[in-house]
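So the sequence lines, in the order shown, correspond to chains A and B.
Under our numbering, the first sequence has 198 at position 196, and the numbering climbs by one with no breaks.
Under our numbering, the second sequence has 62 at position 56, and the numbering climbs by one with no breaks.
Note that these hints are calculated values from the structure, not bench results.
Hints should not be assumed to be uniformly reliable.
[Said to hold, decoys possible] Derived DSS-like pairs: lysine-lysine, alpha-carbon spacing no greater than 25 Å straight-line:
| id | chain 1 | residue 1 | chain 2 | residue 2 |
| --- | --- | --- | --- | --- |
| 1 | B | 21 | A | 95 |
| 2 | B | 184 | B | 261 |
| 3 | B | 189 | B | 174 |
| 4 | A | 62 | A | 203 |
| 5 | A | 210 | A | 184 |
| 6 | A | 184 | B | 160 |
| 7 | A | 197 | B | 158 |
| 8 | A | 203 | B | 81 |
| 9 | B | 158 | A | 184 |
| 10 | A | 197 | B | 111 |
| 11 | A | 197 | B | 366 |
| 12 | A | 92 | A | 252 |
[Unchecked claim] Ranges of calculated distance between the beta carbons of each label pair, as one might list FRET restraints:
| id | chain 1 | residue 1 | chain 2 | residue 2 | range |
| --- | --- | --- | --- | --- | --- |
| 13 | B | 115 | A | 95 | 48 to 54 Å |
| 14 | B | 78 | A | 109 | 51 to 57 Å |
| 15 | B | 20 | A | 109 | 32 to 38 Å |
| 16 | A | 73 | B | 66 | 34 to 40 Å |
| 17 | B | 239 | A | 108 | 52 to 58 Å |
Just so it is clear, CB atoms sit at the ideal spot from N, CA and C, and this is done for glycine as well.
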Amino acid sequence: MKNTLEKKWVPYLLITPTILFYIIFWFRPVLTAIIYSFFDESNIFTLNNYIYIFKDPFFKQAVFNTTIFVVISVTLEFLIALSLALIINKKFKGSQILLSISLIPMALPAVAVGAMWSSGFASYGWINSILYHFGIIDANHKILFLAGNDFQSLMLIILIDAWQVIPFMMVILLAGLQSIPKDSIEAGYIFGGTKFTVLKKITMPMLKSSIQTALILRIISAIQVWLIIVMIYGYRRIPVLLEEVVFYKKQVLGFYRVALAYSVIVSIIVSIVSIIYLKVSGPSKGRKYKCTKVNHIKKYYIQHYFI
Amino acid sequence: MATLELIKLSKRYGKNIWGAKNVNLKVNEGEFIVFLGPSGCGKTTTLRMIAGLEEVTEGQVIIDGNDVTYLEPRKREVSMVFQSYAVWPHMTVYENIAFPLRLKKEPKENIDTVVREVAAMVKIEEYLERYPRQLSGGQRQRVALARALAVKPKIFLMDEPLSNLDAKLRVKMRTELKAIHSKTGATTIFVTHDQSEALSMADRIVVMRNGHIEQVGTPDEVYFDSENVFVAGFIGTPPTNFFKMNIKHENNQLKVFNENLEFALPNKIKNLLNNYNKNQVILGIRPESFEIVENRENSYFTEKILVVEPQGSHQIVALEIGDQIVKIVAPSFPKYKANDVINISFDEDRIMLFDIETEKRIRG
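Please take these sequences and the hints and turn them into a complete structure.
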């Protein structure tokens with residue numbers, strides 16, 4: 003009798019530390035943040051924090067910029083990462099070296115990437131120096147990379163971001179490609195497939211769960227872009243959602259609760275986008291992954307926003 | 007249905023590792039050929055060169071008189087069953103079978119008829135709507151088989167298709183595969199390392215080792231008339247017993263001897279050695295070519311039994327002669343036991359003599 007009772011309680015006892023950890027360091031701050039976003043400084047319930055955001059002209063611009071950024075950067079990065087993964091997966095001479103080289107950007111922190119490229123794109127930066135050195139431009143015709151219009155600036159950010167993020171996507175896709183049995187692909191060739199049909203009808207469907215993982219993680223982190231933009235253009239030159247959160251929290255006094263409200267909005271956007279994406283892309287063969295994927299996503303944005 | 011010819015087919019990996027070397031073979035229409043050999047002998051490499059999955063270093067692959075050596079796999083009109091089945095997990099059974107037909111742009115109604123026909127042939131009609139992950143290993147293998155049958159290939163290639171199945175199912179599938187072959191009459195190349203599979207299914211067996219062919223022949227030929235020591239030793243369970251013997255002439259007799267045995271060779275065999283001028287020879291005797299006799303005069307040697315392995319239908323009697331274990335297949339009765347002393351004779355017609363240096367068969 004005592005034995006069965008013990009058996010019943012031991013599992014709960016074992017996970018208690020984890021649960022406590024989550025309650026103290028995760029659930030409590032998240033809850034506090036959500037509650038605070040609905041109160042003003044004198045602790046009176048108010049929707050003003052939210053109303054302020056929706057009236058803020060920068061909010062609209064931030065939503066617009068973020069959308070453009072997500073759509074273009076994720077598409078671009080996915081296509082390049084997939085091509086690279088397919089090439090490296092061919093295992094030719096030197097493919098391992100190419101893999102190592104292509105992983106370098108992933109190892110750099112975003113701040114370093116921002117610093118590197120902002121010094122590169124400055125009018126006296128290293129990119130112009132190189133171009134000058136090779137005689138592509140002369141001293142009077144330096145390229146003013148950072149002087150473009152908003153759209154061009156955003157494109158520049160997309161390129162820099164792609165430079166850093168492609169390896170991350172490529173590694174996920176490459177791992178997926180390597181887990182596809184060689185026989186399945188060869189069977190495709192034997193049974194009448196050209197390189198293109200095999201890629202389209204066999205490789206890609208079998209890669210689906212890796213593609214889903216790569217895209218969802220990337221979409222979520224693309225919605226959260228801010229550091230690179232701030233590093234290169236400073237605040238409010240190209241407003242995006244998370245940059246606004248940081249702006250209200252760090253750059254102006256007295257807007258802490260607006261920043262909290264902003265976080266809540268961004269979280270909701272991320273959740274909606276993720277859920278829509280998972281619904282549209284379907285459960286695929288990776289049904290067993292779906293659960294972990296959703297958890298991953300939850301953890302990912304919650305940790306990034308609230309803690 | 008088609009003929010296949012391999013001419014000096016070779017595959018080299020790196021600088022001088024040969025996966026297959028100088029493989030010459032002519033396969034007749036409708037023949038069931040088995041490539042047999044230990045792992046790493048080049049049988050799969052050769053099969054993959056026929057399929058077009060492996061680049062050919064030298065030589066030619068000719069199907070129905072056309073040189074296909076450098077054609078893409080899809081243009082060779084071959085189909086293949088893989089060891090790992092290689093059914094596509096994201097397609098239903100139906101789609102798996104229909105996919106190659108769709109790529110060939112067959113009309114829709116036609117595809118449906120063919121899919122149902124081959125599904126019936128391999129008995130998977132009721133699983134057509136399922137995904138491979140919902141099937142057992144044996145059922146997946148049937149799907150792979152159906153897919154290969156559906157395209158009506160010129161040549162059917164099978165790469166150890168049964169080795170992932172459990173022992174009982176393997177034996178059952180053997181019979182079914184053979185029945186399907188006799189129904190379709192498709193020229194088939196079947197790769198295996200399992201000699202009983204080879205012996206039971208093949209029209210002709212191609213025994214391979216280290217990338218080259220050791221012998222090509224019917225199951226009876228490779229078994230009873232092995233070309234060399236390797237083939238005689240590889241085929242058969244238990245394998246052929248070999249005796250390294252010295253030769254001497256004595257009293258008009260030809261005697262062979264070593265530290266433990268000595269006997270005169272029967273006349274029939276003696277003649278084989280007329281043109282043989284080395285003073286040692288390898289004697290190959292299959293376990294079932296021995297006979298345990300009661301009378302010592304009729305025997306070639308007498309020995310104590312080491313162990314007896316009963317097999318139901320027969321018993322395997324093991325003797326220790328010097329440091330060599332000799333196995334004899336005897337009828338189930340009378341029963342023997344360890345330490346019994348028995349007189350051993352053998353069927354003179356079925357002794358094989360091999361050259362001591364080249365290990366090739368001496369045929370007189």
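Hint-by-hint comparison with the structure:
1. Between residue 21 of chain B and residue 95 of chain A the CA atoms are separated by roughly 15 Å; this keeps the pair inside 25 Å, and the hint holds.
2. Taking the CA atoms of residue 184 of chain B and residue 261 of chain B, the gap is about 46 Å. The hint is violated against a cut of 25 Å.
3. Restraint check for residue 189 of chain B and residue 174 of chain B: satisfied, since their Cα atoms lie roughly 23 Å apart, inside the 25 Å limit.
4. Of the pairs offered as hints, the one joining residue 62 of chain A and residue 203 of chain A is violated, with about 41 Å between alpha carbons and a cut-off of 25 Å exceeded.
5. Pair hint residue 210 of chain A plus residue 184 of chain A holds up; C-alpha atoms about 16 Å apart against a cutoff of 25 Å.
6. Between the alpha carbons of residue 184 of chain A and residue 160 of chain B the distance comes to roughly 24 Å, so the proposed pair stays at or under 25 Å and holds.
7. Taking the CA atoms of residue 197 of chain A and residue 158 of chain B, the gap is near 22 Å; set against the 25 Å cutoff, the hint holds.
8. For the hint linking residue 203 of chain A to residue 81 of chain B, the alpha-carbon distance of about 19 Å falls within 25 Å, and the restraint holds.
9. With a C-alpha separation of about 24 Å, the suggested pairing of residue 158 of chain B with residue 184 of chain A holds against the 25 Å cut-off.
10. Under the criterion of a C-alpha separation no larger than 25 Å, the hint pairing residue 197 of chain A with residue 111 of chain B is consistent with the structure, at around 17 Å.
11. Distance restraint check for residue 197 of chain A and residue 366 of chain B: the Cα-Cα separation of roughly 47 Å exceeds the 25 Å cut-off, and the hinted pair is therefore not satisfied.
12. For the hint pairing residue 92 of chain A with residue 252 of chain A, the CA-to-CA distance comes to about 48 Å; that exceeds 25 Å, so the pair is violated.
13. Taking the beta carbon of each, residue 115 of chain B and residue 95 of chain A are about 49 Å apart, inside 48 to 54 Å as hinted.
14. Between residue 78 of chain B and residue 109 of chain A the Cβ separation comes to about 40 Å, which falls outside the hinted range of 51 to 57 Å.
15. Distance hint check for residue 20 of chain B and residue 109 of chain A: the Cβ-Cβ separation is about 34 Å, which falls inside the suggested range of 32 to 38 Å.
16. Separation of residue 73 of chain A from residue 66 of chain B is about 53 Å and departs from the stated range, judged on CB atoms against 34 to 40 Å.
17. For residue 239 of chain B and residue 108 of chain A, the hinted distance range of 52 to 58 Å is satisfied, since their beta carbons lie about 55 Å from each other.
The structure is inconsistent with the numbered hints 2, 4, 11, 12, 14 and 16, although it conforms to all the rest.
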